[in-house]
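Trainee: Listed below are the residues making up each chain.
Number of protein chains: 2
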Amino acid sequence: MELLPIIKALSDETRLRILNLLKFGDLCVCEIEVLLDINQSNASRHLNKLTNAKLVEYYKVNKYVYYKIKEDILKEHPFVKEIIDSEIINLKVCESDLTKLKKYKQSGLSCDDLKEGKICLN
Amino acid sequence: MELLPIIKALSDETRLRILNLLKFGDLCVCEIEVLLDINQSNASRHLNKLTNAKLVEYYKVNKYVYYKIKEDILKEHPFVKEIIDSEIINLKVCESDLTKLKKYKQSGLSCDDLKEGKICLN
DNA sequence: TTATCATATGATTAAAAGCGAATATGTTCA
DNA sequence: TGAACATATTCGCTTTTAATCATATGATAA
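Keeping their order, the protein sequence lines are chains A and B.
Quick note, the first sequence lines up with residues 9 to 130 if you use this note's numbering.
Quick note, the second sequence lines up with residues 9 to 130 if you use this note's numbering.
Be aware that one or more of the hints could be misleading.
A pair counts as met if it fits within one copy or between any two copies, since identical chains are not told apart.
Said to hold, decoys possible - Dumping the calculated DSS-like pairs for lysine-lysine here, alpha-carbon to alpha-carbon at most 25 Å:
(1) Lys78 x Lys110
(2) Lys71 x Lys111
(3) Lys123 x Lys62
(4) Lys83 x Lys111
(5) Lys123 x Lys89
(6) Lys57 x Lys111
(7) Lys16 x Lys100
(8) Lys62 x Lys16
(9) Lys89 x Lys71
(10) Lys62 x Lys126
(11) Lys83 x Lys108
(12) Lys16 x Lys57
(13) Lys31 x Lys16
(14) Lys113 x Lys83
(15) Lys100 x Lys71
(16) Lys78 x Lys16
(17) Lys110 x Lys16
(18) Lys100 x Lys89
(19) Lys83 x Lys123
(20) Lys126 x Lys89
(21) Lys57 x Lys126
Read the hints as simulated data drawn from the structure, not as lab findings.
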């Protein structure tokens, strides 16, 4: 993959936030929506950009599409790994995103429950 | 320095080309203009962006302003060093930029000579 | 001091990127 | 099959970024 498209994919706060979450495990689109508090088309678009830059990939489970960080890219481009592992964490938003993520994971609930408001992440 | 402004400063081909040249030594604005074949205001603006992101700094010598890579940033943000040292080189444009740079340096001429067309870098 | 030169900065235009609302697609489940 | 749902895509709009031309600034040198 070309360098510039990768850097461009990384040059957006929402996309860094997505990578920050995916670092701790795969997530489907609707989980990302709720965790980042962004709307559906926005989530989908940003995920598309990350996919095009080959930073993430996806797989389908039932009606859900799960996204995950593409391991290849981390090997091919160590600077991406460096950013995801050591830099993103310093963004303030990412801290609170992780708080939400932790709360969600500890709840043991699924993304169906999320949408139904069975858990408040704030 | 904040992460996002740094990544944004890196997400432009011209600016990567500038960093690629500066890696081999400080250069004044008019040298960068000629080596990258871009106009003066363009060069100045991109250098300004790099300066704002604290990726480069400058000093004045006579009527010239020399730019150099800011060493601090490379220590603080290893991913920047990684990009400059190992990634930029793979950009095609940067190869030919370096050919020009080498030709210029080997000529022993100054930037005054450059403007007067005393050397052809193509 | 005045002319010259290197660089920076406005102002404008053009191109790219991002966003929300609505719609399309494709899957699941009753 | 048809209704419901998850995700992707399109449209129109706004914001951001880049490029160019012209002008301003600030230093140098005659």
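Trainee: Could you tell me which of the hints above the structure violates, numbers in ascending order?
Mentor: When the structure is compared with the hints, numbers 3, 4, 5, 6, 9, 10, 11, 14, 15, 17, 19, 20 and 21 turn out to be violated.
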